[in-house]
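J.: Going down the list, the protein sequences come from chains A, B, C and D.
Remember, the working numbering sits 15 above the position in the first sequence when you count from 1.
Remember, the working numbering sits 15 above the position in the second sequence when you count from 1.
Remember, the working numbering sits 15 above the position in the third sequence when you count from 1.
Remember, the working numbering sits 15 above the position in the fourth sequence when you count from 1.
If you're looking for bench data, these hints aren't it; they were derived computationally from the structure.
One or more hints might be untrue.
Repeated chains share a single entry, so a pair holds when one copy, or any two copies, can fit it.
Claimed, not checked - Below, a list of computed lysine-lysine pairs in the DSS-like style, where the Cα atoms sit at most 30 Å apart:
{"no.": "1", "residue 1": "K275", "residue 2": "K302"}
{"no.": "2", "residue 1": "K171", "residue 2": "K103"}
{"no.": "3", "residue 1": "K171", "residue 2": "K275"}
{"no.": "4", "residue 1": "K119", "residue 2": "K275"}
{"no.": "5", "residue 1": "K119", "residue 2": "K103"}
{"no.": "6", "residue 1": "K103", "residue 2": "K275"}
There are 4 protein chains.
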Amino acid sequence: MTATPSEGPGRKAVLLLTCPDRAGLVARISHFIYERGGNILDLEEHVDVEERHFFLRVSWSLERFTIPATDLDVAFAPLASEFGAFWKIRLSGRRVRTALFVSKYDHCLREILWRHSLGEFDIEIPLIVSNHPDLRPLAEQHGIPFHVVPVSAPEKHEAELLQIGLCEAAGIDTIVLARYMQVLSPRFTERYPGRIINIHHSFLPAFVGGNPYRQAYRRGVKIIGATSHYVTDELDEGPIIEQDIIRISHRDTLDDLVRKGRDLERLVLARALRLHSEHRILINGRKTVIFD
Amino acid sequence: MTATPSEGPGRKAVLLLTCPDRAGLVARISHFIYERGGNILDLEEHVDVEERHFFLRVSWSLERFTIPATDLDVAFAPLASEFGAFWKIRLSGRRVRTALFVSKYDHCLREILWRHSLGEFDIEIPLIVSNHPDLRPLAEQHGIPFHVVPVSAPEKHEAELLQIGLCEAAGIDTIVLARYMQVLSPRFTERYPGRIINIHHSFLPAFVGGNPYRQAYRRGVKIIGATSHYVTDELDEGPIIEQDIIRISHRDTLDDLVRKGRDLERLVLARALRLHSEHRILINGRKTVIFD
Amino acid sequence: MTATPSEGPGRKAVLLLTCPDRAGLVARISHFIYERGGNILDLEEHVDVEERHFFLRVSWSLERFTIPATDLDVAFAPLASEFGAFWKIRLSGRRVRTALFVSKYDHCLREILWRHSLGEFDIEIPLIVSNHPDLRPLAEQHGIPFHVVPVSAPEKHEAELLQIGLCEAAGIDTIVLARYMQVLSPRFTERYPGRIINIHHSFLPAFVGGNPYRQAYRRGVKIIGATSHYVTDELDEGPIIEQDIIRISHRDTLDDLVRKGRDLERLVLARALRLHSEHRILINGRKTVIFD
Amino acid sequence: MTATPSEGPGRKAVLLLTCPDRAGLVARISHFIYERGGNILDLEEHVDVEERHFFLRVSWSLERFTIPATDLDVAFAPLASEFGAFWKIRLSGRRVRTALFVSKYDHCLREILWRHSLGEFDIEIPLIVSNHPDLRPLAEQHGIPFHVVPVSAPEKHEAELLQIGLCEAAGIDTIVLARYMQVLSPRFTERYPGRIINIHHSFLPAFVGGNPYRQAYRRGVKIIGATSHYVTDELDEGPIIEQDIIRISHRDTLDDLVRKGRDLERLVLARALRLHSEHRILINGRKTVIFD
Chain A
16 MTATPSEGPG RKAVLLLTCP DRAGLVARIS HFIYERGGNI LDLEEHVDVE
66 ERHFFLRVSW SLERFTIPAT DLDVAFAPLA SEFGAFWKIR LSGRRVRTAL
116 FVSKYDHCLR EILWRHSLGE FDIEIPLIVS NHPDLRPLAE QHGIPFHVVP
166 VSAPEKHEAE LLQIGLCEAA GIDTIVLARY MQVLSPRFTE RYPGRIINIH
216 HSFLPAFVGG NPYRQAYRRG VKIIGATSHY VTDELDEGPI IEQDIIRISH
266 RDTLDDLVRK GRDLERLVLA RALRLHSEHR ILINGRKTVI FD
Chain B
16 MTATPSEGPG RKAVLLLTCP DRAGLVARIS HFIYERGGNI LDLEEHVDVE
66 ERHFFLRVSW SLERFTIPAT DLDVAFAPLA SEFGAFWKIR LSGRRVRTAL
116 FVSKYDHCLR EILWRHSLGE FDIEIPLIVS NHPDLRPLAE QHGIPFHVVP
166 VSAPEKHEAE LLQIGLCEAA GIDTIVLARY MQVLSPRFTE RYPGRIINIH
216 HSFLPAFVGG NPYRQAYRRG VKIIGATSHY VTDELDEGPI IEQDIIRISH
266 RDTLDDLVRK GRDLERLVLA RALRLHSEHR ILINGRKTVI FD
Chain C
16 MTATPSEGPG RKAVLLLTCP DRAGLVARIS HFIYERGGNI LDLEEHVDVE
66 ERHFFLRVSW SLERFTIPAT DLDVAFAPLA SEFGAFWKIR LSGRRVRTAL
116 FVSKYDHCLR EILWRHSLGE FDIEIPLIVS NHPDLRPLAE QHGIPFHVVP
166 VSAPEKHEAE LLQIGLCEAA GIDTIVLARY MQVLSPRFTE RYPGRIINIH
216 HSFLPAFVGG NPYRQAYRRG VKIIGATSHY VTDELDEGPI IEQDIIRISH
266 RDTLDDLVRK GRDLERLVLA RALRLHSEHR ILINGRKTVI FD
Chain D
16 MTATPSEGPG RKAVLLLTCP DRAGLVARIS HFIYERGGNI LDLEEHVDVE
66 ERHFFLRVSW SLERFTIPAT DLDVAFAPLA SEFGAFWKIR LSGRRVRTAL
116 FVSKYDHCLR EILWRHSLGE FDIEIPLIVS NHPDLRPLAE QHGIPFHVVP
166 VSAPEKHEAE LLQIGLCEAA GIDTIVLARY MQVLSPRFTE RYPGRIINIH
216 HSFLPAFVGG NPYRQAYRRG VKIIGATSHY VTDELDEGPI IEQDIIRISH
266 RDTLDDLVRK GRDLERLVLA RALRLHSEHR ILINGRKTVI FD
């Protein structure tokens with residue numbers, strides 16, 4: 016891991032860690048930081064009492080840190096090993112390399128690109144992948160390479176290999192499905208565990224699968240929703256990151272649901288991407304722990 | 016139908032009507048009221064464009080009405096018949112006779128009784144029916160007859176006959192299941208079409224059936240909900256009247272979900288009962304039209 | 016008024032009307048439409064009981080209308096005059112000519128232009144006016160003339176004359192202040208009564224005037240808001256069209272408030288513009304009646 | 016401070032602390048707990064970057080604690096003194112002694128008493144004080160002493176002395192103004208800094224002072240709110256604990272605002288009391304830090 020200087024008032028590090036619960040975890044980890052000259056900026060922890068599992072996010076200033084940030088992983092490894100922890104340390108200035116997958120709808124892509132231009136996400140976007148050419152002009156407007164990979168049923172396998180190749184060549188860490196209308200195979204999703212973010216246009220687990228607005232319209236619900244979640248090999252079953260809703264009434268047509276839902280989709284996906292890019296999410300089985 | 020004087024500034028009538036759409040419906044119905052000296056206080060209509068169906072709620076003052084309110088049904092019948100309409104006229108001062116069915120949880124019952132004491136509903140409550148004795152003191156505090164009808168699997172049929180008998184003897188129009196923990200048989204529900212209101216403690220159609228909070232907790236949703244709906248012979252599938260939600264997080268235990276959900280349940284059920292008691296709801300297949 | 020054919024299933028008309036309340040208003044107006052072959056698609060009325068004032072919005076199909084749509088105003092005038100009504104009839108296909116006023120922030124402008132491209136508003140945008148050149152590229156991308164009118168304190172009068180000239184030349188009906196950072200003089204606002212829409216970045220009447228996010232941050236509120244209202248000659252005191260809010264916490268910095276508020280501003284302004292462009296708003300003194 | 020055994024799975028302690036920010040605070044405090052055998056259950060910290068101030072809430076299990084809980088204050092004092100901290104340690108099982116002040120409205124009192132009976136608050140309620148006798152039956156139903164202290168303008172001073180006397184005799188820590196309709200004098204409020212909780216029936220700082228629903232109705236807002244805050248000697252200006260809102264429309268009368276607002280008031284006040292009773296609030300000047 017190579018640290019690059021961060022923007023802002025100073026460089027900092029973020030540790031995300033989860034392990035079986037035991038006494039002394041916070042004390043020993045905060046001491047690890049303190050004795051190396053780090054000043055904790057933010058610390059939040061959570062204990063899943065049922066599963067007796069511990070979750071932690073802590074960020075600290077590297078301004079007076081006495082070891083090089085690049086040595087942090089090696090220095091922390093023995094402690095993590097003792098705790099039996101899953102963990103990662105991220106340094107500010109190292110943005111998450113993110114690929115956006117899209118089809119024809121522009122609203123989620125447009126929202127992410129606009130917010131990205133305002134600096135709302137801690138990401139880089141080296142490429143956009145689509146199974147249709149429609150959104151190329153939008154990508155070009157932002158100067159981002161746009162790759163069309165058509166996906167047809169018989170050759171889906173080949174298409175996915177090509178997509179994976181593109182992502183690997185670009186050093187992609189995280190993939191955002193910004194209303195990408197194809198289901199990824201387990202072969203694909205297992206390669207990016209906890210690193211593919213989808214937006215589903217319903218309040219999951221209501222209206223799993225296709226045409227959720229039509230399903231909602233027919234059922235006569237009074238509220239519709241959108242759900243952003245990590246993609247696993249079970250359709251619409253991955254850990255939920257963020258959800259939101261909007262009221263509807265009998266006066267709303269199916270088109271009104273689509274229109275109102277668009278606003279939900281782009282806001283919910285943007286919030287999920289922001290949380291992910293700031294390393295605020297740990298996965299806990301089928302759930303997420305969000306340090307917000 | 017016997018009209019009794021209403022409280023408030025004056026007596027009024029409400030017409031709820033639905034029929035196939037055609038030109039002139041509003042003109043002819045509003046003319047019917049106008050030519051008899053009625054002043055329209057509130058009129059809302061809706062056209063289901065897909066089904067080409069018309070829905071109307073209109074209320075008017077009877078202060079200078081030139082025919083007795085008790086003759087209204089007879090006077091309006093020819094017009095309704097011409098339109099092929101399903102309709103009803105309700106006079107202020109005639110409160111909806113409502114039975115409350117409960118089990119052990121007190122929060123919905125308590126909420127309804129308190130609001131009722133403030134005059135929030137246009138109802139009378141001649142009886143409360145329960146399969147457990149626990150809530151008797153609360154009923155007695157409000158001076159409402161409380162009937163315990165135990166429900167055991169083999170004798171469910173007998174229990175329902177007894178419940179129906181109690182309701183019929185009391186001239187019950189509407190039944191509110193205020194966290195009543197038994198499923199009613201089709202024999203029961205078909206006797207009160209569009210007149211049994213249930214509260215389900217999830218955001219339907221998510222988490223149909225038993226233990227919805229546990230289901231929500233296990234799925235890791237970020238929002239929980241409650242749904243009030245009319246009861247049909249399909250469990251949790253009746254027309255939805257009202258829904259609402261509340262945010263939760265990974266910090267919330269199952270007990271927290273139950274606690275937060277209680278607030279939703281009682282508010283959502285109370286809103287649904289208010290809408291029903293003010294004759295603001297028409298059923299449109301599996302959906303509702305709410306004139307709010 | 017020249018009618019042009021509307022998109023969609025057929026041409027229609029919308030009447031917005033307000034007058035002192037009296038018996039027979041709905042009957043006589045709906046009869047006016049019915050006897051000329053119109054089929055009412057949507058009718059909503061409201062009576063302000065305190066002020067004894069009547070408000071109506073009714074839309075109807077012109078498909079089998081027996082008089083030319085262009086004769087509607089003349090045909091309806093006698094009835095309106097009898098009622099002492101303020102009223103207007105709008106025909107579908109005649110989009111509201113709307114000018115957008117902006118300064119440097121792009122989020123509201125971008126939102127309106129994107130939604131406009133999706134057909135969410137019933138408007139045309141013949142020009143964008145700004146006191147800064149920054150947003151010219153965005154305007155040009157959408158092919159909309161962009162006029163820079165610098166506003167300096169001593170020559171504000173001249174600047175407003177120029178702005179008015181531009182609007183009149185373009186036949187502008189409605190002006191949207193999409194985070195336009197100048198206060199308009201009464202001379203300007205009185206020329207467009209009920210036709211200038213502003214977005215204020217607070218939950219009015221909290222935090223009137225400048226820097227509302229800073230005011231909110233200092234006060235330590237737990238919720239921030241945005242308000243869209245018609246502009247009158249009293250700053251931030253015009254009739255409110257739409258408001259919405261978002262939760263904040265002690266963790267949110269002033270920058271976070273600005274970021275979260277941006278989402279509110281653009282959504283609230285867009286909803287207000289949509290309501291206005293569909294002729295769903297009547298002004299009632301310092302308030303609005305919204306037929307939604 | 017005398018510790019009593021807590022209900023639940025085991026005894027625990029909560030530390031609330033605020034001091035100027037410096038390196039090592041979390042490390043040293045968590046070490047203090049760890050080296051005495053405490054297992055941290057929950058830790059949340061916050062740094063006010065502008066004011067360079069540190070805020071912490073940490074709770075830990077006392078099951079294997081090696082010093083008596085009653086010695087905790089003495090043991091922690093030197094560390095707190097070194098940090099220049101304002102702090103308090105609370106032991107589970109020691110409920111907050113809370114007085115409820117009411118006038119004639121029952122909804123907030125009823126809500127608190129009901130939730131209290133369900134165990135939602137970590138409080139005891141040794142007395143209820145009112146300037147009117149109306150709510151005595153409700154208090155008696157819950158077996159809580161009810162004191163009527165009439166408050167008239169000329170003898171307000173005497174009334175407050177009597178109220179203070181009642182509170183002191185009962186060892187009251189916290190006072191909840193549950194729609195108590197009198198303004199407390201600075202003499203009173205300064206005696207309970209950060210320990211008097213009020214509910215104001217508006218979205219503060221909008222509609223400060225009397226009749227906020229009437230003010231909201233006249234202004235034509237589209238959303239109303241309620242605010243719970245600590246009472247200081249400036250009316251409606253104390254640190255805000257919790258706020259919430261509900262949508263209204265032109266159809267809502269002033270009575271509807273009062274009715275809808277009631278639901279907000281009781282929920283918002285209940286949430287604030289719960290946060291306070293669980294020692295989740297630190298005051299930061301005019302603001303609060305809420306560890307939720």
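J.: Indicate, hint by hint, whether the structure satisfies it.
T.: Verification of the hints:
no. : hint        : in the structure
1   : K275 / K302 : both (27 Å within a copy, 19 Å between copies)
2   : K171 / K103 : neither (33 Å within a copy, 57 Å between copies)
3   : K171 / K275 : neither (32 Å within a copy, 40 Å between copies)
4   : K119 / K275 : both (18 Å within a copy, 28 Å between copies)
5   : K119 / K103 : neither (35 Å within a copy, 40 Å between copies)
6   : K103 / K275 : between (38 Å within a copy, 29 Å between copies)
Checked against the numbered hints above, the structure violates hints 2, 3 and 5; every other hint is satisfied.
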